[in-house]
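Chain order of the listed sequences is A and B. The opening position of the first sequence corresponds to residue 155 in the working numbering, with each subsequent residue numbered one higher. The opening position of the second sequence corresponds to residue 3 in the working numbering, with each subsequent residue numbered one higher.
If you're looking for bench data, these hints aren't it; they were derived computationally from the structure. Wrong hints could be hidden among the right ones.
What the hints assert, rightly or not - Some, not all, of what chain B presents toward chain A, calculated at C-beta under 8 Å:
no. : residue
1   : 15
2   : 16
3   : 19
4   : 58
5   : 60
6   : 108
7   : 109
8   : 110
9   : 112
Where is the CB? At the ideal position from N, CA and C, for every residue including glycine.
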Amino acid sequence: MTSLLSRVAERFSMDLDHPSSAVKQSATAIAVVAAAVLTFIVPGLGFTNTPAAVSGIAIIAFATLLSLVFTHFENLDRYALLIPLIDLFGIGAFRAGTGGVASLWTAIIILPVVWLAAAEGRRYIAYAGIGTSLALMTPAILTLTWPQVPGEWIRGVFTPVIFAVAAAIVNELARQSRKQLRSIKAMAEEKERMLQRTVEYAAQLQESESKYRAFDRMFRGVWAAVTEQSVIGTDATGLVDAWNPGATKILGPTAEQAEDKLYIYDFHLPDELEDRARELNYPPGETVLNPGFSALVETARLGQAESREWTYVRGDGTHVPVQLSVTKRVDEEGRTRGYLFVASDVTQAREVARLKDEFVGLISHELRTPLSSILGYLELMRDDEDNPLSEEHLQYLGVAERNAHRLLRLVGDLLFTAQVESGKFPLDARIVPLEGILTSAIESARPVADTAGIQLVKNLPDAPAVVHGDPVRLGQAVDNLISNAIKFTPRGGTVTLALDVTADKAVITVRDTGMGIADSELDKLFARFFRATTATRNAVPGVGLGLTITKAIVTAHHGEMGVESEEGVGTCFSMTLPLSPVVIPA
Amino acid sequence: MSATVIVADDDQDIRSLVSIAVTKAGLTLLASVSNGALALDAIREHHPDLAILDVSMPEMTGLEVCRAARADDSVGDLRILLLSASVDEHSQSIGIEAGADYFLAKPFSPRELASWLSVGKEAR
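Given the sequences, and given the hints that come with them, work out the whole structure.
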């Protein structure tokens, strides 16, 4: 429709604005030829001045030839207005040859005048007037005589004025017509552009829609595929508005039964919610409508991620332990719109943990009982006064005893590590002066250090340092660090035990001049069963539990472990413990 | 007359080890049994001065025997030593709560057990 309109407009503009010079010239050429033929054949007419008439026809012929050339060479088109000007001279000459002022063919002048006048620009009205005047005066110009008859020169001036007026009207009409055409064309183009934009927009819309559909399919697929986790969405008051198949599997109700009907706290143990609310000190000055729900979403409401264990109550009243993470749902402006509750059933994980504890206990018992027999009977052999052993046999016995003790220690370490992991790490905490622990640790390490040819240095401050802790465990931690340092230091080296006391902290450091630890291994050092490359390369005995245990003890005392090391230079372990505010009298 | 003892442990080797220590200490071993139920029977039958009981035993645990013996008026004046392979710090206090007088963790030194028993003998 629009393209049809634009085609019509274009066609008009072609015909009106851009007819070729040859087409425009054809009217004048045909009129002059017709006039010449009529003059020749009609009795009573005839040429009054044959040379003038012939030169007029020649000029018109030349102009027509020129129009054909201009039409052929488009770049010459801007000179096309020369043609009507030449025509005017030709017609003037023809008129002079066909009766001068009395010529019948004066009217032909109108044809080039219209051509000129229709050109764009008001100056062409003047060109038309001047051209007409010159054409009408041509007989006089040719004979170089001023017209004797007053009518002749009046005609030379008056007629051009009339022609100029006609030219002005034609010019104006042409102008208007051009203007209209231009605006029709502009409108058509605008419409075309709008259509183009609409098409593009529609394509974009379709693309986003197909993207949205793909995303929607993906989301629905994921939502339906999550069957092992319960995913529940609620509004800001806890009313369920999204319920996935996992929630149905873990809790019972279907999405239809839960959405817009049930509240998330319907699935929580009221006691647990109450405990948590109390933990968070509700009501905290302000009135909380539903302390349980507020406690449940408190961390998420503050924009933090939270994951903790809760007990869900199923539709049938049975309980299921879950690991639940709560996150906030926000709208485009960042306002809280509700919460998302993602929970995993941890019944199995708890059962596994329980079985592990049981297994560790059993293993510990089953390993310690035969070790008790081995050590007991070895001792009976050693103590048998009726059958004393030879020196050699006593030596063999020593090896067996030493290895049985090694096995016993390993069992103890494993059991202790398991206790730490399951969070069952008993601390018999009391107020303890550190000096005693450090002194006895260094004294008990001295025989081993002497045998290994290592100097033990103790560097303790005069001021007492008192911590709140389990003296046995703290002693075990320091013993571990010192025996490690001795193991990893070659003969002739030094192990220094130091204590630094600040306002609120005690820093115990054990520094050696040993083989050191690679930088890349420092962060793995405290992991269970990890052994440094320097340890395995130098065949230093151990299983990789000592530092794990040491760190667990320090952490249980709210302290921190640190390590600095340089390969081939030495290592320095530090234990930072908070000082007890209570100072016991000396 | 030396003090009388019964020993109960499901592990025969440990039982023998304890028996040797008892004999070395100069005490009279009245019975050596392999489970808790037999231990309680032996206590009721022999009225020993001391019962050395392993904590984890079939039929009845050492703790159960302890409670049953303390609840039984016919048992009279009995000292109980519990033996345990557990390193859990709580096991000792649980044992004392159940009515045991002494607690000994495995592995133990038979030499030390014997000397402790002989001191006990003197004290009685």
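Checked hints:
1. 15: Since chain A brings a Cβ to about 4 Å from residue 15/B, closer than 8 Å, the hint holds.
2. 16: It holds, given that the least Cβ distance between residue 16/B and chain A is near 6 Å, below 8 Å.
3. 19: holds, 4 Å
4. 58: holds, 6 Å
5. 60: Hint violated; residue 60/B Cβ to chain A Cβ min 13 Å, cut 8 Å.
6. 108: holds, 4 Å
7. 109: holds, 4 Å
8. 110: holds, 7 Å
9. 112: holds, 5 Å
This entry does not satisfy hint 5, going by the numbered hints stated previously; all others are met.
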